[in-house]
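K.L.:
Quick note, the sequences are listed as chains A and B, same order. The first sequence lines up with residues 1 to 113 when you count with the working numbering. The second sequence lines up with residues 1 to 113 when you count with the working numbering.
The set of hints was computed from the structure by calculation and includes no laboratory data. Keep in mind that the hints are not guaranteed to be accurate.
Because identical chains cannot be distinguished in the list, a pair is counted as satisfied if it fits within a single copy or across any two copies.
Below 27 Å or equal to it, Euclidean Cα-Cα: the simulated DSSO-like pairs (lysine-lysine) are [unchecked claim]: (1) LYS83 - LYS98; (2) LYS52 - LYS83; (3) LYS50 - LYS83.
2 protein chains.
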Amino acid sequence: MSALSQASCEVCRVGAPKVSESEAQELLQQIPEWSLIDVDGIQQLERQYKFKNFAQAMAFANQLAEVAETEGHHPGMLVEWGKVTVTWWSHSIKGLHKNDFVMAAKTDALLDE
Amino acid sequence: MSALSQASCEVCRVGAPKVSESEAQELLQQIPEWSLIDVDGIQQLERQYKFKNFAQAMAFANQLAEVAETEGHHPGMLVEWGKVTVTWWSHSIKGLHKNDFVMAAKTDALLDE
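Construct the complete structure from the given sequences, taking the supplied hints into account.
P.N.:
Here it is in structure tokens:
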């Protein structure tokens, strides 16, 4: 479990700073399974998790939903048979805040439970 | 509630017939909120449902997951804050079977419960 997964989300307000390109690259090293993607000009973090069936994928989505509610920061979760694709980004700043890397690490940590 | 939502899914095997273009247009009239989309050459049905927050979106996804398990046919569900985007198609035939229209109608019917 990475140190990042132990952090909490700071309040992310409109105008809060996006991570710089060098910060993003440094933080990505702590969550090596995640990819930086660009969706309509908005940088996001994305990772796909594989499961044995639909029910297990849904169970993971529910675990992640609980973490999201606790932290007050919510992902995109595409649930399909045997897989969940998770995306994190900060709507308020239309890009990536450090929060998103924290949440990505917390998402990974669910698999260790 | 449409008659389509009362139907059950037939077993859909590899080689089962896709719906024809005219059948698709006729079935779409029973589920007018759904769109036909093309994803990498595979026809799919898609509809976005709006909710008040993340928890309500997740609750809907869980209701739909139960229906999917009962029918043995599973959607794509993109859960985000305040919305769920549902897609139906038949993996085995790489396109749309009548089952998918039945499942779309069943998805709509969840809102009437």
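K.L.:
Taking the hints in turn, state whether each one holds.
P.N.:
Hints, one by one, checked against the model:
no.	hint	in the structure
1	LYS83 - LYS98	both (26 Å within a copy, 24 Å between copies)
2	LYS52 - LYS83	both (8 Å within a copy, 26 Å between copies)
3	LYS50 - LYS83	both (4 Å within a copy, 23 Å between copies)
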